[in-house]
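So the sequence lines, in the order shown, correspond to chains Y and P.
Residues -12 to 202, numbered by my numbering, are exactly what the first sequence covers, in order.
Residues 952 to 1300, numbered by my numbering, are exactly what the second sequence covers, in order.
Note that these hints are calculated values from the structure, not bench results.
Hints are not guaranteed to be accurate.
As the list claims (entries may be wrong) - Partial list, computed: chain P residues near chain Y (C-beta under 10 Å):
#1 Asn1043
#2 His1114
#3 Tyr1163
#4 Gly1193
#5 Ala1210
#6 Asn1232
#7 Glu1235
#8 Arg1238
Being a predicted model, the structure only gives us computed values, none of them experimental.
Don't be surprised by glycine CBs; every beta carbon is placed ideally from N, CA and C.
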Amino acid sequence: MDTREPLHQELETALLSLNKVATRRIFKESGLSPIRFAEELFMPVLDRIGAKWERGDCALSQIYVSGRICESLLNELLPTAPAEQSMNPPMAVATLEDSHLLGKRLLSSVLRSSGYHFHDYGQQNLENLVSKVQFDGIRILLVSTLMLSSALRVKELRRRLDKQGLQVKIVVGGAPFRFDQALWREVGADATSPTATGALAIVRRLADEVRHENQ
Amino acid sequence: MKTSNSMERVLTTLSHQEPDRVPFFLLATLHGARELGVGIREYFSRAEQVVAGQLRLRARYRHDCLSGFFFGPLEIEAWGGEVLYYDDGPPNSGEPPLRELEQISSLKPPRIAEARCLHRSLEAIRLLKQQSGGEVPILGVAISPFSLPVMQLGFDRYFDLIHERPELFQRLMAINEEFCVEWANAQLDAGATAICYFDPVASPTILPPELYEATGFQVARRTLARIKGPTATHLASGRCLGIMELLARSGTVAIGVSAQENLAEVKAAAAGRVSLIGNLNGIEMRRWSEAEAREKVREAITRGGAGGGFILADNHGEIPWQVSDELLMTISDAVLTFGQYPLSPGVSE
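Here chain P stands alone, though its shape is the one from the complex (with noise of 0.2 Å):
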């Protein structure tokens, strides 16, 4: 078979056809700034540094995305919220900016032109735009204005909402909406392929289905309508099988999966609707020997992916810290050795 580009195969395989390999996205955020060898609240200063961080990692590893994402707080920042950075980890909300369930009365979301904090991401996608000719998938993220509430509030607050306070509930999803959408049109506008629907609040692991489809799945339907492109709802190793039939609704394209759950049932459930990307265990991988991580790859590559319809990715869309470069390495050989389509008899269950 002829060897596509990325973005080729990308799109051949979100549109449930068997391109040349089994895509896969090494969403190390983090590691770029050891290739560039600075800190990681260094590395996150500049755009240059993370564009240039996302084309190493790519030349290295073989990957089949670029990333403009930078971390997730960096959306709360431009709410007035408090970025943690650490050493050994991504950086972390702070204290919630809403102290009191009250204030979403008079809250306004603010303007992405306004925001500063959001323009470094911005930039890095234009650049990555720039510098990958159009081969290569761009993403970008945007927290749901349904999941943005645990950093708004803190979860317990945010639970307390959901149950006893639908009106101001449903105040904070119509103002975080307009932010959403501004913000993941603005990362289109810029370059960015897809957006990242973050959306971990929606799973079953967190919220009953009927509730979500009660709430969220409802801000998830006129949100997804406002992204002008193809968007991913990731449930950050959440598990997604209870509400499939809702996410296959909701105008997603794809879908991020737990490593609770079995890759070939949650494929079965999707039927050819809404692609599958998953789902490798990002806290155990640490700890993978060599002949781990490879049986990890060939087994998720066993059941996911047959017939297309399967990135292979880590299960949070994050890759900690701690994960070795050669276990990276690892990895991507493993899927350049098993991923080849058609599927070996051995792959392919």
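Isolated chain Y, as found in the complex (with noise of 0.2 Å):
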């Protein structure tokens, strides 16, 4: 068993009860530093609580609050992003033609909890995405969509970076990749996560794979 799985189980029971004090108390009963308690608690548990609301065991708004405590106490704590994540790759989150941008909160809540440094686009379309894109020389791009006409414009927007030889690698996520999940692969996204924190590991895996690439 997992030496922290009492600890994971604590701070999971805080932070789907939205116990900001309770979370805070952890935090200092654990004894680690902020970096090392958002990689070895918040991180696994924000994951675990993602995996309850796919399990339909918990519900998106108890998500969006957990990620908001995280984000909080992080902001506090961390006042600076820890120097080697800092480093990443450019890498942006978008909204695709919707004004509906939690999906897009809940992903920058998490990044940002990390140490990851990013461009926040908001809502664009597809033609002012590509533009931004090809200007901050993006090499992670995270399309967050409510709409199935917007998630199937990802296509258009895979086409439009490619013309353009541009080397972006798309995550997208929202309702309807959940719904369909052979749709990331048809509009040619490099990867898809239902979750946040799922995002999370793609970004790291994808970071890994720019890296590579530039050396």
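Build the complex from these two chains, which are given one at a time in their own frames, with help from the hints.
What follows is the structure, encoded as structure tokens:
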């Protein structure tokens, strides 16, 4: 059994019950540095909460508030990002053609808590998104969508980025990709995840790939 | 068995008896534009076009309802919000009209008589009623007071409101309830047979059941009691099983079931208290082969059909534009094949 399991369970309970005070107490009692607390406790527990949501065992609102509690505590404890991850390849998050920004906000919260630096493009249409990606030299682009028509637009995004010779890894997420698990491949994305913490694992992998390509 | 008309078929299943066949609602709100050969924005600009589209779709696919529903953000337009149109998908809401939570303090509900954007939908319902001769249920749709804030505020600020500003939340619910009741009753007065109470935030996919019980469930009980006709609660692809007891006590007569749930389990939990509507995966549907579509229909009927209390439909309440006419016809044919009561042993498990 993982020796951290009791702590994971305690933190999960605190986050699911939206208990900021208990979360702070668990951090203090853990004796861990802020970054180790983030890596060894927050992220695994947020991942478990995400998995619970996939199974229908917890709610989106709990994921949202858990993420906010983590982000708020880490902002306080980690004024600057760890040097290693601040060297991540140029990365951006965006919502394609939609004003419902919750998915992007969840993702941003997890990435920020993990020390990643990225551009937050907010809501974008296809043309603007391609321009921004080109201008900023983005190598990893995380795209959140709500509607099927927007999700299908990622295919055109892929085509335009390829046409301009831009080497961009696209990670997609949002309801259409959860309800059709073959859709991400169809639109030419490099990966998808039903949860923000799942996307974090993908970002780690893709960042390594990009670094490798640059060598 | 004698062939029923759609109204008889639907009323029989809603009373938890088996009609002549499983009724089905093909909620293809956008496909009417394709039938008429016009763009989506143009289609929704005139009630007469929506009526023509609805009637043509029903004539072609032989399903059991007509719908006066245009698109969700129509309501938010009445609140001063923006509607964004697309060539290949449903109109979506733009930036939420409430930028600050404090705006709730001075917010007033729009009156239906003054909200001209809603009049097209009411006119469509009136015309559908005139032309259907009472033999087909006409559906109206009202977004629940509890779910409307997703468009009024955005999801994240709405979560903040629920968790951190209980007094403002209660005020917003009171305002939204007035609007929802007036809007739903206006549709019933225009000729709608029933109202789809569209309440995705109620789903355990979005909120924990205990929080729903303390908030949205109370709103639903108050609101449904004031709507002067039958209501069906739709969670828009969200799961329902975790709040089945609450839904059954809310006053609704039917529930939309998610494709992510097992229809047989939901049916057992509903236990004859509420009927089920669902649960074909509308997003996947676009890619189904003919054989897959027939199998999905057969499976849903197998799991949900026995004993009535079941209407076959997609799980979101709106079939995507990208689903082909041929696929819709396959679904229709499959219902007519597999949905005849008594269900054949090969269909009923």
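Do the hints match the structure? See the list:
no., hint, result
1, Asn1043, "holds (6 Å)"
2, His1114, "holds (6 Å)"
3, Tyr1163, "holds (9 Å)"
4, Gly1193, "holds (7 Å)"
5, Ala1210, "holds (7 Å)"
6, Asn1232, "holds (6 Å)"
7, Glu1235, "holds (5 Å)"
8, Arg1238, "holds (7 Å)"
Every hint, counting from the list given before, is met by this structure.
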